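Protein chains: 2
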Amino acid sequence: MTNKWNMLVDQMRQGSIRALSKLITMVESREPGWTDAMKVIFKDTGKARMIGITGPPGSGKSTLTDQITRLFVKRGMSVGIIAIDPSSPFSSGALLGDRLRMKSTVGLENVFIRSMATRGAMGGLSQATQDVAKILDAFGKDIVIIETVGAGQDEIDVVKATDLVVVICVPGQGDAIQAIKAGIMEIADIFVVNKADREGADHVVLDIKNMLDIRDSGYKPSVPVLKTAAISGEGIEDLMDKILEMLNSRQRDKTQQEKHLKEEILVLMEREIACLVRARWSRDGKLDAAVKEVLERNNDPYSVVQSMIAPLKSKIECDTE
Amino acid sequence: MTNKWNMLVDQMRQGSIRALSKLITMVESREPGWTDAMKVIFKDTGKARMIGITGPPGSGKSTLTDQITRLFVKRGMSVGIIAIDPSSPFSSGALLGDRLRMKSTVGLENVFIRSMATRGAMGGLSQATQDVAKILDAFGKDIVIIETVGAGQDEIDVVKATDLVVVICVPGQGDAIQAIKAGIMEIADIFVVNKADREGADHVVLDIKNMLDIRDSGYKPSVPVLKTAAISGEGIEDLMDKILEMLNSRQRDKTQQEKHLKEEILVLMEREIACLVRARWSRDGKLDAAVKEVLERNNDPYSVVQSMIAPLKSKIECDTE
Chain A
1 MTNKWNMLVD QMRQGSIRAL SKLITMVESR EPGWTDAMKV IFKDTGKARM
51 IGITGPPGSG KSTLTDQITR LFVKRGMSVG IIAIDPSSPF SSGALLGDRL
101 RMKSTVGLEN VFIRSMATRG AMGGLSQATQ DVAKILDAFG KDIVIIETVG
151 AGQDEIDVVK ATDLVVVICV PGQGDAIQAI KAGIMEIADI FVVNKADREG
201 ADHVVLDIKN MLDIRDSGYK PSVPVLKTAA ISGEGIEDLM DKILEMLNSR
251 QRDKTQQEKH LKEEILVLME REIACLVRAR WSRDGKLDAA VKEVLERNND
301 PYSVVQSMIA PLKSKIECDT E
Chain B
1 MTNKWNMLVD QMRQGSIRAL SKLITMVESR EPGWTDAMKV IFKDTGKARM
51 IGITGPPGSG KSTLTDQITR LFVKRGMSVG IIAIDPSSPF SSGALLGDRL
101 RMKSTVGLEN VFIRSMATRG AMGGLSQATQ DVAKILDAFG KDIVIIETVG
151 AGQDEIDVVK ATDLVVVICV PGQGDAIQAI KAGIMEIADI FVVNKADREG
201 ADHVVLDIKN MLDIRDSGYK PSVPVLKTAA ISGEGIEDLM DKILEMLNSR
251 QRDKTQQEKH LKEEILVLME REIACLVRAR WSRDGKLDAA VKEVLERNND
301 PYSVVQSMIA PLKSKIECDT E
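Here the protein sequences line up with chains A and B, keeping their order.
According to the working numbering, the first sequence is numbered sequentially starting from 1.
According to the working numbering, the second sequence is numbered sequentially starting from 1.
With the rest of the complex left out, here is chain A (with noise of 0.2 Å):
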């Protein structure tokens, strides 16, 4: 590692905020030695417990992760939170500022919030998400929340990473189909009608569970329907009660591990792979002679990939170490 990543990485172990935002800006760039920082912050990480916060726009998910963390704090916790924003094509980042999304908890001490675009992370969305979360684990975080929109494969990938699942619904936007249209449904532990102030809440709650009841039929345990008004911070303190019990029965589920991490292991490697292969086929031109034969019809897509893969494919499947 380089004095530049060795230093930061110093800083951040001592508790610098600003080395650690600095940490994740290169790690997030992908900048020479990401690597090697990340193989050394992995060391510290394993304590933090995951939690993904979903739902529709407009369905106060903010607000709510702002009360949430604000519990969690008042409780002696420290939290991270990542802020997966859509991203605008004009900016090119995220769309809305950290400090507008979160009014009461930025500032405070324990509170670490970091927005991340959902389009041109390098390595992609969740890679980088969960390269994030890392380091605020190494940081020294109790928690970190992930909280995103849920819309698109990307996404739903994100939140399934994560040790407990809150995903948030509201009256009158369309009822619960919709989550159920976002494949969102099936990686709730906790269902959250927020705005239970409103006309319709309990009709939702109804229609939740009994999707769920559809879908269960016994065979999982029973996914609570909990009813918040975030703004007001009504049914907060049960929600919470509901998130630690939930975190410390379960505890930490070993093969679900396993299956992220080997899911994490392999979504890697087809990264670095993609990076060689881009590069190398970029490099004299080869490609681009490919591309104008396969235009006029004299190739096709197909036969130009099994050549080019051809060399790689004796050497991989004759490597037995």
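By construction, these hints were calculated from the structure, which means they are not laboratory data.
Accuracy of the hints is not assured; some may be wrong.
[As the list claims (entries may be wrong)] Computed beta-carbon distance windows for the label pairs:
| hint | chain 1 | residue 1 | chain 2 | residue 2 | range |
| --- | --- | --- | --- | --- | --- |
| 1 | A | S21 | B | S29 | 43 to 53 Å |
| 2 | A | D36 | B | N210 | 25 to 35 Å |
| 3 | B | N3 | A | N210 | 46 to 56 Å |
| 4 | A | K209 | B | N248 | 53 to 63 Å |
| 5 | B | E199 | A | G200 | 17 to 27 Å |
[Unchecked claim] Computed footprint of chain B on chain A, listed as stretches where at least three residues anywhere in the stretch have a Cβ under 8 Å from a Cβ of chain B:
| hint | stretch |
| --- | --- |
| 6 | 58-69 |
| 7 | 255-264 |
| 8 | 273-286 |
| 9 | 307-316 |
In this text, all values refer to a predicted model and were calculated from it rather than measured experimentally.
Idealized CB from N, CA, C, for every residue including glycine.
Go by the hints and put chain B onto chain A.
Showing chain B alone in chain A's frame:
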């Protein structure tokens, strides 16, 4: 190619809808021999024009697609529709059936509709969609419409690869800012404000135009913003004319085509190599052992990946043919 594939491709070429459906299913699920089949099918591609239609849930995408398709057919063109459905965790397939979505065109002789689930596509949604689009092209469709919610990078990639992108907005859905947030603003060739009989339609049109002004600042040909009411059919003819006008005037942008094809080949190649490496490491329990080591913090994911790709690395970097 085996007899089975040969027979299906032949029958498809002769116009068998049954063979077409079967072929699509087999290629989608990557049944052995799919690449050889696609090599043959690819020779017949390159004639169809691809249109992407995207917009938030409830914006009337399906109705609009349905209406446009009817007009295409009326003008003597044959149409293939690929409807990308959010997946249901229960059915592990597409949530809404074709018949539910496209009322008036289902059963029309020149229309073929295929639903695709957003999740679980072997080789990724983007690749699967492109495979199906190619098969429809080879089958002889003049127009292939890809209809999708456009949430998540995957779906945006799918739409980006078409010849023309129609983005639908509706009044009262949180304004055009949602389009920006979803990252689809910049890929629109035509904006449609649907449900234009609703209050606020003109306001949405203005919002979009303002945003286009900010973005374009003169460097790009102006993007048309049209109003429709898909249910009554208002404005559909105008939209249709605009689509055909733009498709004709641009013809095929060769640089764009080369770019898409290059990307497709690279993605295909990455997937193939990743499959090889995965298979190699799953074979003798090497990966499982590595995962266990990492869980015990005796190793880290980054070192595991480095050793996985080491043999590739030397091969790729040395292979100068």
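| query | Taking each numbered hint in turn, which are not upheld by the structure, reported in ascending numerical order? | reply | When the structure is compared with the hints, numbers 2, 6 turn out to be violated.
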